[in-house]
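*Asks:* Under the working numbering, the first residue of the sequence shown carries the number 810, and numbering increases by one thereafter.
Calculated directly from the structure, the hints in this document are not laboratory data.
By construction, the Cβ of each residue, glycine as well, lies at the ideal position given by its N, Cα and C atoms.
Don't take every hint at face value.
Unchecked claim - Label-pair ranges, simulated between beta-carbon atoms:
#1 R842 with P819: 24 to 34 angstroms
#2 Q867 with R909: 30 to 40 angstroms
#3 E893 with D830: 37 to 47 angstroms
#4 V931 with T857: 36 to 46 angstroms
#5 P839 with A924: 43 to 53 angstroms
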Amino acid sequence: MTRNHNGSAPIIQDVHQQLRDRILSHEVKPGERLVEDDICALLSAGRTPVREALLRLQGEGLVSRSRGWVVGTGAPLAVRSIFESRMAIEGYATRLAAERAPAEALQELRQILVAMDAAEAVSRSEVNRLNQIFHRRVVALSGNAYFVEQHERTQFQYWSLRLPVIFAKDQLAHSAKEHHEILAALERRDGDHAEQLTREHIATTMRIVADALDER
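With these hints in hand, go ahead and build the complete structure from the sequences.
*Replies:* Structure below.
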């Protein structure tokens, strides 16, 4: 019996998600080889879902093929393009979120920022995780599924590049201040200012990451 391709989609998605999480957390290191048979055994998945998941990761720029599959190292030349994409997508999405987000959703964003402020002195990885959640929630509050999809692509590549970059304490403090300013604009329903602040926030992060990578 021929297997229904649609029936395998959830399996492919699960394998893709698990591999992506391992790559972005650096559990699987940049430059490390990915062996299909090993992945099948590790994730209890068949070869077809594993191969499809790897092809998706290749499309996202997280893995490449060089005598087998290899985890990407992050190309510094791609930094500007990635962040410019984020500025365009996330900037306008934040404008829409100011117009469309329900009050309770904005309260959830505030709770995320409170948790991020508390985590800053304890765990850099937790700050990163909460930062991702904050930005994803804001884009989702635009109500535009296409923005969400495209933003996810820039996030995958961005975090692949950003993980080796160490942010100084003052840079983290400035980033936290910008998050609170963005949220304040959302709460005022000021779409113009929310978009401007978001673009400036992403541009600042782009400069930090680009400068750090240039020094390597």
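*Asks:* Confirm or reject each hint.
*Replies:* Against the structure, the hints come out as follows:
Roughly 27 angstroms separates the CB atoms of R842 and P819, a value that falls within the hinted 24 to 34 angstroms. For the hinted restraint 30 to 40 angstroms between Q867 and R909, the CB-CB distance of approximately 35 angstroms keeps it satisfied. The given range of 37 to 47 angstroms is broken by E893 and D830, whose C-beta atoms sit roughly 26 angstroms from each other. The beta-carbon spacing between V931 and T857, approximately 42 angstroms, falls within the hinted interval of 36 to 46 angstroms.
The hint said 43 to 53 angstroms for the Cβ distance between P839 and A924, and at roughly 29 angstroms that hint is violated.
Hint check: violations occur at hints 3 and 5; the rest are consistent with the structure.
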